[in-house]
Every structure is written in C-alpha cells, then in structure tokens.
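Student: For reference, the chains in residue letters:
Protein chains: 2
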Amino acid sequence: MTDLAALANHQIRLAARPNGLPTRNDWNFTTEPVAPPVDGGIVVKVLSLSLDPAMRGWMNEGKSYIPPVGIGEVMRASGVAKVIASATPAFSVGDLVSCGPGVQEYAALAPNDLQRGGVFKIDLAAGSVTQWLNVLGMPGMTGYFGLLDVGQPQPGQTVVVSGAAGAVGQTVGQLARIKGCRAVGIAGGPEKCAWVVDELGFDACIDYKTGDVKAGLKQHCPQGVDVYFDNVGGDILEAVLTRLARKARIVICGAISQYNNTTPVQGPANYLSLLVNRARMEGMVVFDYADRYPIAVKELAGYLKDGRMKSKEDVVVGLETFPESLLKLFSGANFGKLVLEVAGA
Amino acid sequence: MTDLAALANHQIRLAARPNGLPTRNDWNFTTEPVAPPVDGGIVVKVLSLSLDPAMRGWMNEGKSYIPPVGIGEVMRASGVAKVIASATPAFSVGDLVSCGPGVQEYAALAPNDLQRGGVFKIDLAAGSVTQWLNVLGMPGMTGYFGLLDVGQPQPGQTVVVSGAAGAVGQTVGQLARIKGCRAVGIAGGPEKCAWVVDELGFDACIDYKTGDVKAGLKQHCPQGVDVYFDNVGGDILEAVLTRLARKARIVICGAISQYNNTTPVQGPANYLSLLVNRARMEGMVVFDYADRYPIAVKELAGYLKDGRMKSKEDVVVGLETFPESLLKLFSGANFGKLVLEVAGA
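Quick note, the sequences are listed as chains A and D, same order.
The numbering of the first sequence is the numbering used here, which starts it at 1 and goes up by one.
The numbering of the second sequence is the numbering used here, which starts it at 1 and goes up by one.
It is possible that some hints are incorrect.
Examples of chain D residues lying across from chain A (beta carbon under 7 Å, computed) [said to hold, decoys possible]: (1) S64; (2) I66; (3) G283; (4) V285.
To be clear, the hints were calculated from the coordinates, so they are not data collected in a lab.
Beta carbons are placed, not taken as given, at the ideal position from N, Cα and C, and that holds for glycine.
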C-alpha cells in the first residue's frame, strides 16, 4: 500500500466566479496532505481527468441541473483513477475506477461518493483510459441516450450533430450511421471536417468556420433534418431550425457558443419553425440515465472492438495546465475529446 | 332556391403584404356576381367568420404550414355558412355548414373543397353558430389536441396558458381543470383575469398588463409549470421558461406578440431551461388532427351541455369592418373568441 503520509496532493480550486472566459485569477492552487480513507471509503490517485464544456456552467452561481461548485472548493471533474487505499471490500488497491475526483492529484472518496454508480471499476480490455473518458464515459453516454432516447432516429432519417469532432459529437454521428441513418456533422475547420468524414464515416461535414451552414444543410440534407443533436446553440442552432423536416426532434445537449457570454444568451429566433414543422426541442441531462450506463457501455465497447466506431482524444498533460487547457474547448482548439493527463498509470 | 343572379358578393382581398400591423391599404374591396355551383359543389351564404391570429401569418410570403394567401386573392377565413345552392347530394339547401369560405358574403365551394372534412354540417343543438367557431371549431380543436396530445397533462399537474381569455385559451384552461389539473391563465387586464377565474373556474389568472408575470408564476405555480400552452411567445414565454417543472412540456401553438414585428422574432433566451429541466417545446398545427375532430367535438359539446365548460365570443358585425376588427386581436382588445358576423341566419 502506498505511504499516504508521504504524498502531497496538488489541487485546483475555484477562486471566483468568472465573467466571460475563465482566467487564471479565477483559480487557486493549493497543496494538502493525503489522509487515509474513511471507513467504507477509498483514496484514489488520479490518472486522467475529463475536461468538458459543462464545467463552465458549474462555475456559475444559480440553480441548474446540479449545484454550482462553491467558491474555495476543488473544481468538479470526472476522471479515471487508481485505488491506492481502500477501507471497503468493494474496491481493492490497484483497481482502476471511473469516478468524480475533482481537479487534483489524489481524492478521498467517501461511502456516499461510491453510491449509485458514482465510482465503478473499468476494464482496459473494453477501452483505453482515455476512451473510458470518451466513448465509454460521460460523453459517450450523453451521445448514446441523447440520440437514441431523446432523438429517436429512424433508419433512413438524417441526423445532424454540431461539435461533430468533439467528444459527444463523434459518438452521435457514428452511432447514427450504425443505426442506419444519414449522419451530417458540423465542425470547425477543414482538418476536423475531413476527419469526421474520412475516418468516422459521416456522410458529410459542414465547416462552420469557412462555410455557409445554411447552404451546407441545404446541400447535405435535401429531405430536411430529422434529428439535430445540438451541442453549440447560437447561430448554428438558428440555421438548423430553418431546415427541419416534418416532426423533427432537436436534442438540446449544450450550447457551448453561449457559455462564456457576458451578454444574455442568444435565443433561437427561428423557434417558430417548431410550429410550422410540428417539431420538438427537448433538453437532456446524462445523469438521468445512470441506471442504464452499463447497457450503453457494453454496446459501445462492442462497436470499438469490431471497428465500427473510432474515437479520438486530445490529451494535454499536467494538472497545472488545467486553466489554459480548459479554454481549448471554447476556442475549438481541441481536436477530439479533451483529456487532462495527471499521472501515468 | 335563392336567385343567385340577383346577388352581389362583397369580398375582401389581400392587396399587399403588410409590414407590421395590416392597414386598410393592404386590402382591396371587390364585388362580384354569384355563379351557380359547379357539378358536385355548393354555394353558401356566409353567416359568421372566425377572426384568428393565424391570419396574420397567412398574409406573409414564404413557406409555412400552409401556403400564403396570394396577392389579389380573397382573404382566407373559416366560418359558418348556409347552403343556398347545391349540386351534390351530400348537402341540401338550408344546411348549416362549417367551411372555409374566405372573407366574403358568398362562396362557391368546389368538390375539392368538400373533401377531407373541409365542409361539414353543424348541429345547433350542440352549440350556437358562434360556439361552432369557438369551442366546437378550430380554436377548440387546437386547444383540445394541443393540450391533450402534445401537452399530455397528468391529473394534479399545473397547466399554464397564455391568451387565457382568448378562443384557444379558454378551452385549454377549462379542459385542464376537467382533466384534474390546476389551471393558471395569463391574460391582459383585470376584467379578463376576473372572468377567467370567476366564470371559467381557472385556479388563478396573471394579468400581464399590470402585474409581474414571473412573480405571478412563482405565486400560483409553487411546484413549477408542468404544461405551458403558448399562444403569445415573447416576454411571457421567456418568463414561463424560468418556472418549468422537471419534464415540462411547452406547446407552441402561436406567438401573437411577434406576428406584426418589423424586427426579427424574439427568440427565447431562456431556452436552456429546457436542458436544466429535461423539458420539451413542441409545435402543433391543428389540421393534423382533422380525422379526430368529431371525437373532440362530441366531448366538448358534452361539456358545454352539462355546464362544465363555458364560452365567450366577441362578435363584431359587418364584412366591411374586417380590416379594423382583425386588429383587435393584436391589441388584445377582443374579449373572447373574435367572430365577424356577416349575415344573420
């Protein structure tokens, strides 16, 4: 067993609620000793953390689908970690687990944290550590349940997804293809678009940075858009609303274009297209599907194994890079699921 | 049989596409002779016309759920009329029918117009002529299918409806109560609000003209809003979005606050509340439910008969008042379903 007393835990805490893009001043860097596990709990060493657009929302005050991170608290993050001390028969030292350790090097997880699938062992035969933060992790679960449960695509229908080269988008588009749909991505830049089509097998990908999204949708969705999986909001949501098919479903998963606004959110002025097309727009939060994660993981791991699904992770290294690494999500600089490697396995 | 040759048909035609509120210059007044019915068709004398917010949309160019009224065409309108000449065994002279005669005194309806429930006989034992344009007509059908099929209210849930004193709103709120829901209206002015509560039996009504809609929703919907039936859009939709219950359904029926905009439609900036609350916003068009109108008419007529449902119509008289009468809808000056009486029965 690791000598916990010999360890120093470097942490990143929320220092202030950002106005617009978070800056270094919004974070505090602290170092604490690592205590032994409480009865029924474990202590883990963090290997990799998932950097997600949703993190920006957690930094804001106010009611949302989960409480905000408090000022002075270690920033919330999910990740993959290794158990280094255990006071419960449920986990053994050396187990690799998916958990929510926060942005720090070590985390003490109490019995309460271990409830309801909050911590579970992962199998590297099903996917790599980074894939367990991507297709087999929260983004994959989000794409799986958002597309299938909320979007309800039927074979032959057209599924459009924004942030197509991102973590959720890559799962959504590939899964749509597997389910017999036409998949059209929207992504930023020719490199991402080419990858989405050539590597992931989407039918088309529209470059929102250089192209006209409306024209691209008209070209690539001649029968209209049956399912739009929205990760970005703003002008792209607006454009898709003009191309809906009858009875279309829009899955509201996120709105990354609006997260760092210092002005009010841009509401979709074309929302009356929902009326004209008898369409619906529905929000989803992945946590609601926690009971069914194992089913989705099993299915998606099968696709990774048989090659029908690929994944791409953009790995940045070093806990201390967190403040700047997070910003890659908002400029679109990441290419694939953004993962922060804190320590090697 | 009426001597058709002796009749002069006064008509109101769309002269121009309005910019903002329609003015008298947007209309042409014409007079034509009345021709005998074509083989398989009928000629009707218009008794009363339904004036609807949707008419404003029909005057605009561009793709919508039905084609726009063409420049020079008689303005589209539904109404109740009496058959004065028939060349089909399906209808006899003297029959009272619900139909789409347009804004004119007489209408020749061809076999094609009679298809798919486009013209049907009405029974004055079930409701008056004006009720056949209200609860038993398009507004009633809209409220019935929008609330029950799209809104899917469950007993004990809270249903909020805007335009509560209007044609659709009165049906929605009373039907919600009958189905075991709490009904909260939003209407303009103390007189309408008092009527909605005292006469129609809504649990509460918020006066958007003098009150704070958000505060009213907080007071009257302590458990949040489960179903919001939206007839108005704009700031009221925005306010309701901040008070949604988990898994809420917003029925997008109309957006009267936006119909005469000369600026872009106000998109709902609070739409991410759909995500936080796993809620959905869905558009509906009443024509989709035409096959089931008879079921709804029978049920609603039963409620009118046993006194569980009341109705109020605001009757204006004279075809020539049409241009100004229509505007009452947009200033909220009408109190109840707005009906234009063209001729007595």
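Student: Decide, hint by hint, whether the structure agrees.
Tutor: Status of the hints after comparison with the structure:
1. S64: holds, 5 Å
2. I66: Violated. Min distance 10 Å.
3. G283: The hint holds - G283 of chain D has a Cβ within 7 Å of chain A, the shortest such distance being about 3 Å.
4. V285: holds, 6 Å
Checked against the numbered hints given earlier, the structure breaks only hint 2 and satisfies all the rest.
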